[in-house]
Each structure stands twice: as C-alpha cells, then as structure tokens.
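Chemist: What follows is the residue order along each chain.
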Amino acid sequence: MKRDHEHGISRRAFLSGVATAAVSGAVGLPAKARAAGEGAFGTLVDLSLCDGCEGRDMPACVEACRTKNAGVVPEPVDPIPKPFPRGKIEDWSKKQGVTDRLTPYNYLFIQKAEVELGGAKKTVFIPRRCMHCDNPACATICPFSANHKYESGAVVIDQDICFGGAKCKEVCPWAIPERQSGVGIYLHILPTLAGNGVMFKCDLCQDLLLKGEDPVCITACPRKAMLIGPKEQILAEAERRAEAMNGYIYGKEENGGTSTLYVSPVPFELLDAAIEKGPGRPHLGKAPRKMAKTDPVAKAVMASPVIGLVAGLAAVAGARMKSGKEGDHE
Amino acid sequence: MSRQAPEGKNLVKRHGLVVLIEHWAIAISGLALILTGLFELPIARRYFITEIPGLRWSGDYIFSLWLHYAFSVVFVGASLFHVVYHGLMGHRAILPKRGDLRESWEVIKSFFGKGEEPPFAKYLPEQRLAYAGIALIIAGLIASGLVKTWKNLFAPDMDLTLVLWATWAHNLFFVLFVLAFVAHMAAILIKPNRPMIRAILTGWIRRDYAEHRHPLWIAELAGRNDHPAREQEAPTRERPPDGEAGGENPQGLS
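Top line first, the protein sequences correspond to chains E and C. Remember, the numbering used here sits 103 above the position in the first sequence when you count from 1. Remember, the numbering used here sits 9 above the position in the second sequence when you count from 1.
To be clear, the hints were calculated from the coordinates, so they are not data collected in a lab. Note that this is a predicted model, so its numbers are computed, not measured. The C-beta atom is built at its ideal place from N, Cα and C for all residues, glycine as well. Take these hints with a grain of salt, some might be off.
[Said to hold, decoys possible] Listing some non-contacts, in silico: residues in chain C with all C-beta distances to chain E over 12 Å: (1) Y56; (2) A87; (3) A164; (4) A175.
[To be verified] To give an idea of the interface, some chain E residues facing chain C are shown, with a C-beta separation under 7 Å as derived from the structure: (5) N172; (6) G174; (7) V175; (8) I213; (9) K215; (10) P246; (11) Q309; (12) L313; (13) A395; (14) P399; (15) G415.
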C-alpha cells in the first residue's frame, strides 16, 4: 500500500486509524502515520487486541511474514562443511515448516500465555520478532558491520557479508537472530575454519519501508493489533492505551529502549512466567541495556585525543621552562 | 633519568624518559588491542581459547570490547601526545628523508654481505621509513576506531556507507598493524640491530657501537657537522633542540 507522501499518511492508513481509534476509544492517531523513508518510527503491538488468529491454520501475521520472506535463505550446500574443531552445524533447511519459534525460516511467531488476573483466567497471545532496539548491541558488536540500524529504526542483517558467527545472537537480550549453516560468504573463504553460515531475523520489511509501504505483518493483521508510525506518536499512543486499559508497556525501557512497544492489560512479569521460553522463544522479562558497561570507557576513548593533546602541550611547556631555567644557570 | 653517562661507562644516551614511556605505552596497549581485537571475532570459544587459564574472559564479547576501549584510551592518548610533543619540540630525526628508500636497499643488501653499510645518523633509513609506515597505520586505526566508537555511543543509525568504510578500514589497518609488529620484531633478529634493544629498554646505547654505526649522530651530538658523509646528505638541518631527536645529549659523550 502506497502512502500519501505529501502528508505521510495513506487514505487506508487514515481509515484503519479511525477503526483502531474506534476499537481503543482513541481519537486522532492514524494507525500508520510514518512519513515514508524518513525519521525513526515505532511499532505498537496491542496484546488486548491480538487473538492469535485462533481458528486459522496459521496466524495471519506469521503467514504473511513467511510468504514475504520465502526464498530469503538460499539452498544450503550439501554436505554442509563441518566447522573445525567443534563441528556444530545449525541446519533448519529440513525443518522449514516450524512456526512455533524463531528459525532462519520463521521471523515471527505467536507466544501464548495463560494467566490468572484478578481471579479470572485470561489467555494472552504475543507476536514475537526482533524488537529493533534504539541502540542495538547486535549492530555494535558485529565485527563486519553486517548488522546495521537504519535511520528508519529497522535493524537489518546484510546476509551478503554475514559470516554467521552468531555474536549478534549472543549479545541480543532476547537471542533473536537464528543461524543457517551451509549458506553465505564464508563458504567462499575458509568454510571449515572461519564462519558457520548466515544469521537471519525480521528486518521489519525494510524494502517495503523504503517504498513507503508497511511491514506485511502489520498489514495482514485482521484485528489491527499492530501499528506503525512516527516513534513519538507510537509512544504516546502506547502510553495512552496502557493508561486506558490500566495496563503495561514492554519495550520502552528494555535494552535502553526499542522501536517495538507491547501494550498489555496483564503485567509482563506474569506473561513472562507463563510463556514457554528457550531457544528461539524469547523471554518477556527485564532486559537492561547490554552495552551499558562499555559506555563510560567508550566515552573515555572519545576524550583520549584531547587528553593526549593537552598532555603533549603541558609536556612541551614543561620542557621549555626547564631548558629556560638551565639557560639561566649557565 | 640522568642525562650524564654513568662514570666510566661506554654509553651514549639514545632515548629520553618521554620517548621510552611513549614507546612502551603504545607497544603494550597496541599488543593488547591486537589481542582484544582478535577476540571481537567469534574465535575464542570455537577454538577453546576460553579453556586456557587466564583467558576465560576471551569468550565474553562485551568484556573484551571493554578492554579494547580501555587500551584504546592509552593508545590514542599516547599517540596524540607523541605527535604534539615531538611536533612542537621540533624533533625530526625519525622522519623520512629523500633517498631513504634507495639507502634502505643498500643497507638490506649489506645485511647479506653485499657492500658496506653507509654511516648512519641517529636512525637507519629503514627505521625512518618504518616509522612513517607505522604512523600511517596507527592514524588509520585511530580515525576508523573513533568513528566506530562514536557510532556505538551516539549514532547507531550512522550512514551505512561511513560505517562500512570505518569498519573495513579498521579491519584492514588491523592486519597491517599485525604485519608491522611482526616486521618490527624481525628487525631485532638481524644481528647488527641488536644493541638497539638496550636503548629502547634503558635509553642508553653502547658508545663504541654508536660511534661505529651512527657516526653522523655522534658527530651531531658533539656539535660537529664535519663528518664526510654529511656532505652527501640533503641540506643540513638546524641542530635539533636538546631532547629526543638527532642530537640528544652532548654530555653523554663525556
């Protein structure tokens, strides 16, 4: 769907915004209001609206994501080279149909939490994908800058230069990226000694964003449980909805802030305790900023040229004073 | 550090305390940066380096980045200090001169028994060229590293082209820095160079060695510019100020 670039809002966006406002009791915010291609945006996932598409074979958002990304992972070589010395291969090519967790072939899945709140049992469905952090550790730590955060806010892995070392997965608070061995550039360099495939994850349909269109999961959702728009507006809307439902927000503070805000009538501690967690199934718990420990010393690095400069000037002044005094004594 | 040669010792002062501190600050932090830079690649756990006593941290990417930053403070600070201090003090002895490339070739041939070594100033021509090369590599490492650090701190959505330039320049200069370090170490293996090891450890060098191999420098220290080889050189520079450059310490000759 194309946006009206003049106003940054499509007609459909405006109409769906009205629908959303009607559902939530809000007025004013279009469902999708991000000006195409410029500025950071945010996404909102309203867990009070998501019903997990129960009754469908596959949730609409998951199906749309899989359809859009079908063919992203190339056919792995056969046999896949065994990485020396550990020999650990991650091959999902024979399990492409898995949809109940994140895999290199599945970038979005629905978690289900059955909780008791105020004496009543409640089922909450939680679409999970990359959170697209404000300052992502995955991009900081990638030695080849294969992982990059764009001005739009999307954090995207360039599969052409990724060696599949999985550092991004390790430093991600939710361990989102997934590896497929037997594909990628490492096969052409030192396939058994360096690298082990390519990392894959949600790129928030960056190609569509650049065309002024919305991610397919958002477009596909029949309940309009997901929104995209200018970051400030999405944050304001998340806060408004949370207040209206006496609910909670996840993603605003986690890992120093993310582009994805979940709004829920159920505390996230309860949801985190109720969901199935493990490989490919991220938590909903606390997530302090991963790179917080390195920030102070990184700032010292930025100051170090000035420190060297000032110390050099001081040393020169000292040396000249000393030679002047020696001259006086002669 | 005393500027006077110890009584009765066959020594000449080659490096002052400032140079020794600079050299070792850059060398030690540079080596640590090579190591912690390597551990930014996912190799430590894969190759069981984490199992080596004392290197368990090598598999922790965030801690190794912390260390990389910490040693960068020393490396960058010392490098900038070096440029400012010696630049303003007018120390030029280690900067390349016209004809260094040709003369270096003559020196290398002499190591293999072909021809005689020419008389040297304070530094060998290949030392001056190596200095320029390493300075260029260090400048590249610092510039690209600062861009990456700025991105990590303040501009995660920095323009991708700039990020990729900085990243790959940093990686390329890293490889060149490792090669430069290996070449620097290989120079020590050459027998005529070995007495210089003492100088970079203590600041002092054997006087008979200096007189034999660095007569131009010794002549300069003595306040003479009458060595026959001087006439073949580029126009004579002003005598550098007492300190770190060509003429360091006339008293050391006493």
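Chemist: With reference to the structure, classify each hint as holding or not holding.
Modeler: Here is what the structure says about each hint:
1. In this structure Y56 of chain C is not separated from chain E by more than 12 Å, as the shortest Cβ-Cβ distance comes to only about 7 Å.
2. The claim that A87 of chain C lies off the interface is violated: its Cβ sits roughly 7 Å from the closest Cβ of chain E, which falls inside the 12 Å cut-off.
3. Interface exclusion of A164 of chain C from chain E breaks down, the closest Cβ pair being 9 Å apart, not more than 12 Å.
4. In this structure A175 of chain C is not separated from chain E by more than 12 Å, as the shortest Cβ-Cβ distance comes to only about 8 Å.
5. The interface hint given for N172 of chain E is violated, since its Cβ lies 21 Å from the closest Cβ of chain C, which is over the 7 Å cut-off.
6. Taking 7 Å as the C-beta cut-off, the interface hint given for G174 of chain E is violated, the closest approach to chain C being about 24 Å.
7. For V175 of chain E, the interface hint is violated, since its Cβ never comes within 7 Å of a Cβ in chain C; the closest pair sits about 19 Å apart.
8. At a threshold of 7 Å, the smallest CB-CB gap from I213 of chain E to chain C is about 29 Å, leaving the interface hint violated.
9. A hinted interface residue such as K215 of chain E counts as satisfied when its beta carbon comes closer than 7 Å to some beta carbon of chain C; here the least separation is about 33 Å, so the hint is violated.
10. A least Cβ separation of about 5 Å between P246 of chain E and chain C falls short of the 7 Å threshold, and the interface hint therefore holds.
11. Proximity of Q309 of chain E to chain C is violated relative to the hint, the smallest CB-CB distance being about 11 Å (cut-off 7 Å).
12. Restraint check, L313 of chain E versus chain C: the minimum CB separation of about 13 Å is more than 7 Å; hint violated.
13. Proximity of A395 of chain E to chain C is violated relative to the hint, the smallest CB-CB distance being about 9 Å (cut-off 7 Å).
14. Because the beta carbon of P399 of chain E sits about 9 Å from the nearest beta carbon in chain C, more than 7 Å, this interface hint is broken.
15. Given the 7 Å rule on beta carbons, the hint for G415 of chain E holds: about 3 Å separates it from the nearest Cβ of chain C.
Violated hints, in rising order: 1, 2, 3, 4, 5, 6, 7, 8, 9, 11, 12, 13, 14; the structure is consistent with all others.
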